[in-house]
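Chemist: So you can see what is in the structure, the chains are spelled out below.
Protein chains: 2
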Amino acid sequence: MEQYVKSLQERIIKEIELIDGKKFYIDRWEREQGGYGISCILQNGNVFEKAGVNISVVSGDLPIPAVQEMKSRHKEIDPSKGPFPFFAAGISIVMHPHNPHAPTVHMNYRYFEIEKEDGSPLSWWFGGGSDLTPSYLYEEDAVHFHKTLKDACDKHDPNYYPDFKKWCDEYFYLKHRKEARGVGGIFFDDLDNKPAEEIFAFVKQCGDSFLLSYIPLVKRRINTKFTPEEKEWQQIRRGRYVEFNLVWDRGTKFGLNTPGARIESIFMSLPLTERWEYMHIPDKNSREDKLVQVLKQPNNWV
Amino acid sequence: MEQYVKSLQERIIKEIELIDGKKFYIDRWEREQGGYGISCILQNGNVFEKAGVNISVVSGDLPIPAVQEMKSRHKEIDPSKGPFPFFAAGISIVMHPHNPHAPTVHMNYRYFEIEKEDGSPLSWWFGGGSDLTPSYLYEEDAVHFHKTLKDACDKHDPNYYPDFKKWCDEYFYLKHRKEARGVGGIFFDDLDNKPAEEIFAFVKQCGDSFLLSYIPLVKRRINTKFTPEEKEWQQIRRGRYVEFNLVWDRGTKFGLNTPGARIESIFMSLPLTERWEYMHIPDKNSREDKLVQVLKQPNNWV
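Residue numbers (this note's numbering), protein chains in the order written: chain A, -1 to 300; chain B, -1 to 300.
Rather than coming from a laboratory, the hints here were simulated on the basis of the structure. Each hint should be verified, as a subset may be incorrect.
Since copy identity is lost for identical chains, a pair holds within one copy or between any two.
Claimed, not checked - Below, a list of computed lysine-lysine pairs in the BS3-like style, where the Cα atoms sit at most 25 Å apart:
id	residue 1	residue 2
1	K153	K192
2	K79	K294
3	K176	K4
4	K229	K282
Start from the sequences, fold in the hints, and give me the full structure.
Modeler: Quick look at the structure:
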């Protein structure tokens, strides 16, 4: 997994730099308790307001709250037998374009392993997914994004796409707003019901599909003309993105509560600029309202 | 308390409108489960980017998670005997000026009562406080703010100011950043160790001090010239404000998890615009750095 996320990070950065014309800032950091990460950020680019492509490969002893949290999903973990050594490798991507007609995208894939005293795995699993967050709905974009993910899933298991699409709709949901973060995609966690090599092959397929799923959408929308009002609506939607990440996202919460976590890498997911307006309600049947209606009720895009 | 918060809201709004020149938008709302609120918002004013003065007077049955949370602090509450009828009345203020040299202020005072079946109180307490969040440090502003609060406290109990100043420093703290939200003020909760009338008199003194503590600071700073870089620094600090409110603030969390809570009134506390930059670290000994240093280590302002 370490080699794979490294090479995927390189490929994605190269492609995004070609589109944006600006180079990523590359930051390699070491974790005191074990491991390292490479955070690549492009800020104030020509196309992207903020784009981050991070990998991390970390190990050490799992903090007790983390063990407690995992216990319910992994019966083989007995907190009283801890602390447990762990190993985790993953890639995280978030891209926020300037143009309000171009959607924000998120992708994350990770491998997690908890080890016995002799270093052999006590428990392991894969998790991750990818989802799309437009400020203006283009149905053909949502369809293309979902279709690309479905093709990747279908090569491995016919149940993956329907199951993980549903999981994504449930996970990326702002309970307090009663609306989804965006038009969804796929999401899964604790995947360990097949041999690790088979699941790894599936995860690689998903990772390799990222550029296919997103780049055509950016290329379609980056030259679309937009008004100051459309930019303002995008800023309001970005506020919602922050609400999800800071209030509901398990990964962010886990990070903020983990000693030694690299806050700047966690917060690379937040848009550069956003806006909270009191009682901003789009006009009935406007394009803004059309988006909100779709977020209230998940759609089957393929 | 209901009459007091209503009249305080009116006085504060009148004074802020005089300074800003723009009128508050006044929104009266009813709560389905019992009670009402009045949310007053001034957005995109001449002086204030966003200013909110809300009151709420609500009652109903306390949700179980709320009872569970209160149980540890109020031994007289036995969750198995619930649900409990409750009554709460409070005022909440947050003001974010445009000018980066003028500080953001927050104030909240509330009375909470849990009732027996016959309507008599099983338990009651007051809570609240007020704190100041500058983007640029003016020591004389922090001193004036704290001095005004100390004067109000000292009229009622010599321990109030030192105790509640410390509590404020501990409460308005971003653990993941290891920094305070601002230069503090006072904060207290579960105050019930004197007759209710005495504590109510103290709370009124604090509420009445709000205009004295804040208005002189705004008047001093609203005409200070500022650069685009200073405005950008303010936007970054506003991102931190959002981080505190969405990640750590108990009141916000409680609200987001309460069915029927009015999300727009809760989020009136968030600044209109903000910014998250990757790895923004102020130059050593710059004015921006000077603020950050003060936030790392609470100061005794009086």
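Chemist: Within a copy, between copies, both or neither: which one fits K176 and K4 at a CA-CA cutoff of 25 Å?
Modeler: Cα proximity of K176 and K4: none, with 37 Å in one copy and 31 Å across.
Chemist: Given a CA cutoff of 25 Å, do K79 and K294 count as a within-copy pair, a between-copy pair, both, or neither?
Modeler: For K79 and K294, the Cα distance exceeds 25 Å both inside one copy (44 Å) and across copies (37 Å).
Chemist: Please work out whether the CA atoms of K229 and K282 approach to 25 Å or closer within one copy, between two copies, in both situations, or in neither?
Modeler: within (19 Å within a copy, 35 Å between copies)
Chemist: For K153 vs K192, is the C-alpha pair at or below 25 Å within one copy, between two copies, both, or neither?
Modeler: within (15 Å within a copy, 70 Å between copies)
When each numbered hint is compared with the structure, violations occur for hints 2, 3.
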